[in-house]
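Undergrad: Sequence:
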Amino acid sequence: MRRMLSRFREGNRNEELVRSLEGTGAISSPEIINAFSKVDRGFFLEHDDGDPSDLEEGVAYIDMPMRHGLLHLSAPSIYGMALESLDLDEGQSFLNVGSGTGYLSSLAANILGACSVQFGIELRPELVDHARAKLDALGHRHVTLVHGDCFGLDPETSMRFDRIYIGAGASQHSAALILRFLEVGGVCVGPFMTEPNSQRILRIRRVEESRFEVHSVLSVQFTVRVGPLLMSSSLGQG
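Each residue of the sequence shown is one higher than the one before, starting from 10 at the first, in this note's numbering.
Treat the hints as calculated values from the structure; they're not laboratory data. Built from N, CA and C at the ideal position, the CB exists for glycine as well. It cannot be assumed that every hint is accurate.
Stated by the list, open to error - FRET-style restraints, in silico, Cβ to Cβ:
#, residue 1, residue 2, range
1, LYS47, ALA84, 12 to 22 Å
2, GLU217, HIS77, 22 to 32 Å
3, HIS224, ARG28, 36 to 46 Å
4, GLY194, THR33, 28 to 38 Å
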């Protein structure tokens, strides 16, 4: 009974968060609003056995970044603006670089559908296990999570993606590599180093094989990604 009451309160708080994100304009598309309503942010800060973490009650539903041990979530408004900028559509292929707790991957899975090709890459094996448990519990078993780093992939033999999200600050070098995995006509969104000590969330569309359109979305500060690490497994061919 206590667990049921706790879930009920969390559900109400998550809906309040969604209404807040709508009110500020962080999310506006019906499919994105629906995804945020279906995916409870607090669930991704729980231990894998289902017991709540020792975070103060309700704090998971505040629009701010969260760091709790190894678990780290960007502010919901950041994820919302990123998803709006990605312009996801059902059936698209999606790569989440720095997939972390699995929260964004779950949001994206609700939009892309079960027939989409969806990968997440994460440096920390504990987070891969955590995210796998959460995604499985929500029925997103089609999402493939890989422990490793994109530096261990060969862009010449790996598949390209319609949409890419970068969950950590990308230097000029790492951005150049990641964009090689982007399909022509595809969109990449994430924090990029635009100048020393300055990051902006950029929306980059690959117009042609060697031409990109770049639009600035927001000034931010993300942890700069670490690399390189070899992949423990590779993305699909094609």
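Undergrad: If a hint holds in the structure, say so; if it does not, say that too.
TA: Hint-by-hint comparison with the structure:
| no. | hint | in the structure |
| --- | --- | --- |
| 1 | LYS47 x ALA84: 12 to 22 Å | holds, 19 Å |
| 2 | GLU217 x HIS77: 22 to 32 Å | violated, 43 Å |
| 3 | HIS224 x ARG28: 36 to 46 Å | violated, 28 Å |
| 4 | GLY194 x THR33: 28 to 38 Å | holds, 30 Å |
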